[in-house]
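Sequence order for the protein chains is S and D. Under our numbering, the residues of the first sequence are numbered 1 to 131, in order. Under our numbering, the residues of the second sequence are numbered 1001 to 1210, in order.
These are computed hints drawn from the structure, not numbers from a lab. Keep in mind that a hint or two might mislead.
To be verified - Here are a few chain D residues that face chain S, going by a calculated C-beta distance under 10 Å:
id	residue
1	N1024
2	P1026
3	L1027
4	D1031
5	L1041
6	Y1057
7	Q1062
8	V1068
9	L1184
10	E1188
What the hints assert, rightly or not - Rough simulated footprint, nothing fancy, chain D against chain S, three-plus residues with beta-carbon under 8 Å:
id	stretch
11	32-44
12	60-68
13	72-83
Just so you know, even glycine gets a beta-carbon here, dropped at the ideal spot from N, CA and C.
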Amino acid sequence: MNDETPQKEDFLGFTARRAADRPYFMASALESFRQREGLDRVGLAAYLGLPLEQLDRLALCARPNITNSRLFRTQLAAITVRFGIAPTPLANLLRRVAAYEADSAPANLMAARDYDEESSTDSSQETPKDE
Amino acid sequence: MQNDSITRFTRQGEIEIHQRLLQNDPLASSDLAQICLEPMLEFLSRKYPQTDQELIYEAATQAYFNYVERPNSYDPSKKGLLAFLKMAAEGDLQNLRATQKRRAKRVISLEDVALHEWAGNINIEEEFINRTENIARLEQLKQTNLRQMKLTADTPLDQKLITLMQAGERDTRVYAQLLQITQLPVIEQRRIVKQHKDRLRVRLKRRQTR
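Construct all of the structure, not just a fragment, from the sequences and the given hints.
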């Protein structure tokens, strides 16, 4: 095994990194946001209020479907409850990534915007940079 | 949606996780990764002990991705999920190995090209006696070829790549920095670097066959 091949215990991390290229996975949104906002993994975990060691598991979740408001809320809730994180930062992250990816399709953002307008009461966690 | 993580594969657990994927439960893929990747890795490593670990990782990951993204490809009435994933990973591994073999056949190393140039005059005894001299000559040929390539390099980037090759640099990270691809996964970096090196080597071969 060469130096760049992951050790067995890091296989989950290896898979999470590979998942960053696949839109199905949350990893793709996390990586896109991390790069755009100039964060490292520690910064990203802190932004989400997530222990660093949980980041790979979150990355391997499916990315909530932002085009379907009801499904988006259900999926977001499932993730935030499981990982014990506040919904607002994750919803904001997904909204921003969708904006990066689909500037020409603003309708896609409605689900996340609805979420923000109706459900977001948690203002304790600031986003790193305002748009 | 189910919030409990399953910690091991049972027949019931397999069916449940498959159902959760079909029902768009966003946690299902993560739960599956935690319980299936390790057994897949162990299965492949045990069955193909001589195979490059990197290929084994790649195959297991690929099979996992393919199933998660297209769960309908699995029919629970035919086979257990873990057995299905192991079989898929094995298929992916065989494909990756075949691709690797084909690539290896195509790649003409600088050494091969240099040797080809003076192969017609080789006398085995002479070569043995003059081994030191020949090694020096081989090295000289390599350097000459690289200098010629450098002179005809299409772009400044190619020139820099050739300079690194000439210096005997073998670290992928150095080439990745030059190609500005360090943000990509290591496997992808390695693939791109190899592509560039192969391209330059092929150019050398063409020059020599003209």
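Does D/P1026 pass the interface hint, meaning its C-beta sits closer than 10 Å to a C-beta of chain S?
holds, 4 Å
Interface hint for D/V1068, Cβ within 10 Å of any Cβ on chain S
Hint holds; D/V1068 Cβ to chain S Cβ min 7 Å, cut 10 Å.
Counting residues of the stretch 72-83 of chain S whose CB is closer than 8 Å to a CB in chain D, do you get three or more?
Three-residue rule met by the stretch 72-83 of chain S, so holds; n is 6.
Under 10 Å, Cβ to Cβ, is where D/L1027 needs to be relative to chain S, so tell me if that hint holds or is violated.
Constraint on D/L1027 satisfied, holds at 6 Å.
Outcome, coverage hint (the stretch 60-68 of chain S, chain D; C-beta under 8 Å; three residues):
holds (count 6)
Verify the interface restraint on D/L1184: the C-beta must sit less than 10 Å from at least one C-beta of chain S.
holds, 9 Å
Should the hint that D/N1024 touches chain S count as held when the rule is a Cβ pair under 10 Å?
This interface hint holds because 7 Å falls under the 10 Å limit.
Status of the D/Y1057 interface restraint (C-beta, 10 Å, chain S):
holds, 6 Å
Count the residues of the stretch 32-44 of chain S with a beta-carbon closer than 8 Å to any beta-carbon of chain D: does the count reach three?
With 1 residues closer than 8 Å to chain D, the stretch 32-44 of chain S misses the three-residue bar; violated.
Hint validation: D/D1031 versus chain S, beta carbon distance must be below 10 Å. Holds or violated?
holds, 9 Å
Once the shortest beta carbon distance from D/L1041 to chain S is found, is it less than 10 Å?
Hint holds; D/L1041 Cβ to chain S Cβ min 6 Å, cut 10 Å.
Does D/Q1062 meet its interface restraint, that is, does its C-beta lie within less than 10 Å of any C-beta in chain S?
At 9 Å from the nearest chain S Cβ, D/Q1062 passes the 10 Å test, so the hint holds.
Consistency note: the structure conflicts with earlier hint 11 alone.
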